[in-house]
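**Q** Chains as they are written, first to last, in my numbering: chain A, 1 to 328; chain B, 1 to 261.
Note that these hints are calculated values from the structure, not bench results.
Each hint should be verified, as a subset may be incorrect.
Here are some, though not all, of the chain A residues that point toward chain B, as calculated from beta-carbon distances under 7 Å [what the hints assert, rightly or not]:
#1 Leu143
#2 Lys146
#3 Gly236
#4 Glu315
#5 Glu319
Just so you know, even glycine gets a beta-carbon here, dropped at the ideal spot from N, CA and C.
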Amino acid sequence: MDVWVYAEQRNGELMSVAAELLGEGYRLSREIGDRKVCAVLVGGNVSHLIDELYAYGADKVYILEDPLLEKYTTDGYTKVIANAISEYKPEIFLFGATHIGRDLAPRIAARIDTGLTADSTSLAIDEQDKTLIQIKPAFGGNLMAKIICPVKRPQMTTVRPGVMKKKERDDQHKGELIKVPCNLDSSDINVEVVEVVITAKEQAFSADADIICAGGRGIGGTEGFEMLEQLAQKVGGVVGATRAATDAGWIDAACLIGQTGTTIKPKIYFACGISGAIQHVVGIEKSDIIIAINNDPDALIFSVADYGIVGDYKEIIPEIIAQWNLEG
Amino acid sequence: MKIIVCAKQVPDTTEVKIDKVKNTLIRDSAPSIMNYEDENALEEALRIKEQFPDSYITVISMGPPQAKDMLEECIAQGADEAILISDRELVGSDTWATSNVLAAGIRKLSGFDLILTGRQAIDGDTAQVGPQLAEKLGIPQVTYVKEVTVNDNEIIAKRTLENGYETLKLKTPCLLTVTRELNQPRYMTIKGIYNVKNQEIKVWNIKDINVDLTEVGLDASPTKVVESFVPTSKGKGTVIEADSAKEKVAILLEKLKEKHI
Ligand SMILES: Cc1cc2nc3c(=O)[nH]c(=O)nc-3n(C[C@H](O)[C@H](O)[C@H](O)COP(=O)(O)OP(=O)(O)OC[C@H]3O[C@@H](n4cnc5c(N)ncnc54)[C@H](O)[C@@H]3O)c2cc1C
Ligand SMILES: Nc1ncnc2c1ncn2[C@@H]1O[C@H](COP(=O)(O)O)[C@@H](O)[C@H]1O
Chain A
1 MDVWVYAEQR NGELMSVAAE LLGEGYRLSR EIGDRKVCAV LVGGNVSHLI DELYAYGADK
61 VYILEDPLLE KYTTDGYTKV IANAISEYKP EIFLFGATHI GRDLAPRIAA RIDTGLTADS
121 TSLAIDEQDK TLIQIKPAFG GNLMAKIICP VKRPQMTTVR PGVMKKKERD DQHKGELIKV
181 PCNLDSSDIN VEVVEVVITA KEQAFSADAD IICAGGRGIG GTEGFEMLEQ LAQKVGGVVG
241 ATRAATDAGW IDAACLIGQT GTTIKPKIYF ACGISGAIQH VVGIEKSDII IAINNDPDAL
301 IFSVADYGIV GDYKEIIPEI IAQWNLEG
Chain B
1 MKIIVCAKQV PDTTEVKIDK VKNTLIRDSA PSIMNYEDEN ALEEALRIKE QFPDSYITVI
61 SMGPPQAKDM LEECIAQGAD EAILISDREL VGSDTWATSN VLAAGIRKLS GFDLILTGRQ
121 AIDGDTAQVG PQLAEKLGIP QVTYVKEVTV NDNEIIAKRT LENGYETLKL KTPCLLTVTR
181 ELNQPRYMTI KGIYNVKNQE IKVWNIKDIN VDLTEVGLDA SPTKVVESFV PTSKGKGTVI
241 EADSAKEKVA ILLEKLKEKH I
């Protein structure tokens with residue numbers, strides 16, 4: 001009856017979303033009352049990650065290790081996780097909405113015949129019946145849907161990376177370890193992984209940054225993005241972008257923020273030359289402070305910004321660089 | 001090679017309008033289109049048919065009667081056959097129920113080697129129907145496919161990852177969900193448009209595909225949409241008024257300091 005979190009690892013490294021889900025799972029488990037948050041760790045040789053999972057709040061770690069699970073395959077991972085669900089019957093199961101999470105979760109949900117919500121951006125526990133309330137964007141972010149799974153268990157959802165809050169890391173915190181037998185046979189796996197290629201260029205955008213200086217079509221080209229880079233260096237942040245800018249090739253696609261890109265929640269978000277289309281805004285709403293710089297006083301971005309400056313970014317940004325004197 | 005393409009008719013979400021009073025989507029505000037990535041799925045099927053000319057392409061869709069328009073376009077592009085599964089009882093199906101329907105429809109056909117679906121539909125953005133369909137048919141899957149090579153009964157697929165890709169090898173029958181990167185969909189041909197006249201779109205109801213009400217429709221669906229609403233913005237903040245860029249920025253930094261940033 002616990003809250004489970006899929007502790008996605010790649011190449012023996014924990015994905016950031018695993019810690020985020022543990023933070024959220026911790027909150028949910030306490031809100032239901034007297035439940036545990038458990039990490040499900042799957043792989044070939046992954047026991048070195050157990051302590052990290054405890055440190056991020058896991059009360060229990062279910063470990064499913066087998067040499068056949070060294071590389072991710074839908075077949076292998078689905079089989080062992082579905083079996084573990086049948087055995088231990090979690091109440092809720094959260095997956096990161098990564099390319100792997102969105103491959104694995106639907107296959108598992110179909111195998112055990114339960115419901116699955118895609119890409120939740122916010123979760124809550126119903127006060128009365130203690131079921132999971134899942135909020136997710138639909139119709140390209142134009143609408144939000146509130147989804148429940150009243151009867152089937154576990155209640156499953158994938159969750160956008162970058163949306164949930166990690167717990168403060170506590171290396172003193174320890175939990176309980178449960179080794180789950182895998183009973184996997186090579187004939188269970190019908191897909192052969194020929195190679196995994198990591199292209200450094202597409203290295204994931206750092207969603208953890210405290211300050212993000214983002215630019216859109218209004219930046220006009222690579223030169224403008226160099227100015228944003230200077231701003232980022234001055235304020236101690238990183239550069240992000242809208243799809244108009246990444247499509248134009250002014251900046252790497254890994255910097256895309258929004259519905260199809262990364263969701264972020266920095267302390268300060270600078271939106272420069274960005275109109276504020278809904279698909280972009282869904283990715284920035286959780287920022288503490290949004291500062292918009294746009295030369296069109298009617299731009300939509302001003303309606304989501306905490307502070308707006310109407311003007312040409314080419315004049316405003318150099319002023320910020322010159323005057324910036326805030327700590328941290 | 002027998003290829004099945006799953007295609008869905010969706011509202012063009014870049015055009016949808018919101019009823020600000022009722023907080024709902026104005027359904028008729030957006031034109032209906034074929035889901036983008038499903039176009040890539042059909043295109044890939046057509047390319048495979050060019051490589052193996054005795055291939056046969058069936059497009060299958062679950063949806064309201066007007067989805068026939070989309071299926072006619074599929075025929076005009078070169079699909080050999082198109083089937084619409086349409087029944088009032090199917091309204092409100094979630095992805096679990098939808099995959100039951102598509103699986104039942106596909107079982108009624110005379111076998112298949114390859115199923116191609118879009119990675120995700122732009123209305124619900126779930127990316128779940130492909131994998132769930134593969135599970136129900138008991139075949140392997142590859143999602144997020146950006147490149148496909150077919151050698152007889154062996155498929156080599158490149159699957160995108162957030163920071164790279166992986167290459168996977170598998171045997172038919174199998175299912176691939178495809179992305180926009182895979183190919184550039186073609187236009188309809190004159191011959192194809194002519195074919196539309198000769199090729200009737202088959203319409204099946206739930207009796208035709210042998211499913212019952214415990215597997216499909218709103219009541220059978222494990223997930224329920226209990227409410228939908230328009231995302232609220234943070235509310236209008238302050239637009240900083242001053243004569244020069246210098247002063248504006250000075251005021252901004254003053255405000256940030258007040259917030260102890
Ligand atoms: C299915 C789907 C998914 C999408 N996903 C995403 C996503 O994840 N992320 C995303 O960002 N977009 C996404 N989009 C695209 C999105 O709809 C918008 O097209 C995009 O966000 C617009 O980018 P922009 O604001 O940079 O450009 P524009 O809308 O063209 O805005 C440019 C702005 O710059 C201002 N400007 C021009 N010159 C200057 C200057 N010198 N100084 C200051 N301001 C200036 C203009 O006034 C204007 O407001 C998606 C679209 C679809 C259909
Ligand atoms: N009603 C439907 N009819 C046919 N194919 C569908 C239907 N719904 C989903 N699909 C297929 O499944 C893919 C993923 O859809 P979704 O899981 O809804 O994001 C789509 O791109 C289609 O190929």
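**Q** Any CB of chain B closer than 7 Å to the CB of glycine 236 of chain A?
**A** Hint on glycine 236 of chain A: violated, closest Cβ of chain B at ~12 Å, above 7 Å.
**Q** Hint validation: glutamate 319 of chain A versus chain B, beta carbon distance must be below 7 Å. Holds or violated?
**A** Glutamate 319 of chain A check passes; min Cβ-Cβ to chain B is 4 Å, inside 7 Å.
**Q** Given a cut of 7 Å on the nearest C-beta pair, is the interface hint for leucine 143 of chain A held or broken against chain B?
**A** This hint holds: leucine 143 of chain A lies near chain B, its Cβ roughly 5 Å from the closest one there, short of 7 Å.
**Q** Holds or violated: is the Cβ of glutamate 315 of chain A closer than 7 Å to a Cβ in chain B?
**A** Interface hint status for glutamate 315 of chain A: holds (4 Å vs cutoff 7 Å).
**Q** Would you check whether lysine 146 of chain A satisfies its interface hint, that is, whether its CB is within less than 7 Å of any CB in chain B?
**A** For lysine 146 of chain A, the interface hint holds, since the closest Cβ of chain B sits about 4 Å away, which is under 7 Å.
Against the hints set out earlier in the document, a violation occurs for number 3 only.
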